[in-house]
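A.B. asks: Sequence:
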Amino acid sequence: MDAGRVWRLYYRGELVGEIEEQSHDFPWTYGRFRPLLGFEPLRPLFDARNAALDADDDGAMIRIDDEIGAALTMTHPDGRQVADFLLSIEDDEAGFRWLDEPFEDG
1 MDAGRVWRLY YRGELVGEIE EQSHDFPWTY GRFRPLLGFE PLRPLFDARN
51 AALDADDDGA MIRIDDEIGA ALTMTHPDGR QVADFLLSIE DDEAGFRWLD
101 EPFEDG
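For the sequence shown, our numbering begins at 1 and goes up steadily by one.
Treat the hints with caution; some may be incorrect.
With beta-carbon atoms standing in for the labels, derived distance ranges [stated by the list, open to error]:
#: 1; residue 1: G13; residue 2: A55; range: 29 to 37 Å
#: 2; residue 1: S23; residue 2: Q81; range: 19 to 27 Å
#: 3; residue 1: T73; residue 2: H24; range: 29 to 37 Å
#: 4; residue 1: D78; residue 2: A51; range: 31 to 39 Å
#: 5; residue 1: V6; residue 2: A60; range: 24 to 32 Å
#: 6; residue 1: D54; residue 2: F26; range: 31 to 39 Å
#: 7; residue 1: E101; residue 2: L37; range: 28 to 36 Å
FYI, nobody ran anything at the bench for these hints, they're computed from the structure. From the three backbone atoms N, C-alpha and C, an ideal C-beta is built for every residue, glycine too.
Required output: the full structure, derived from the provided sequences and hints.
C.D. replies: Here it is, written out as structure tokens:
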């Protein structure tokens, strides 16, 4: 396991959060989320995603995941940019899955 590796989130080129890897449940990776100053304007997106998940609203989840993907970029612990990802953040916990190529629609 690669616990302790840090993935980084950027908004408009600014580092806004870090995720320290803690566990894996393929294809998801889970870790401790550390928000930085620029993250707060993005928090409502993740609150809405969690509400859509709780309500089993797949349409809303897809729209919100698209908004998150358009707003943020993610980098691997080695600094390479992730091509595509799904990301969930609740309080100080994050879960994500990623690909080096964009996810296929459908």
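A.B. asks: If a hint holds in the structure, say so; if it doesn't, say that too.
C.D. replies: So, going through the hints one by one against the coordinates:
{"no.": "1", "hint": "G13 - A55: 29 to 37 Å", "in the structure": "holds, 33 Å"}
{"no.": "2", "hint": "S23 - Q81: 19 to 27 Å", "in the structure": "holds, 23 Å"}
{"no.": "3", "hint": "T73 - H24: 29 to 37 Å", "in the structure": "violated, 22 Å"}
{"no.": "4", "hint": "D78 - A51: 31 to 39 Å", "in the structure": "holds, 34 Å"}
{"no.": "5", "hint": "V6 - A60: 24 to 32 Å", "in the structure": "holds, 30 Å"}
{"no.": "6", "hint": "D54 - F26: 31 to 39 Å", "in the structure": "violated, 24 Å"}
{"no.": "7", "hint": "E101 - L37: 28 to 36 Å", "in the structure": "holds, 32 Å"}
Checked against the numbered hints given earlier, the structure breaks hints 3, 6 and satisfies all the rest.
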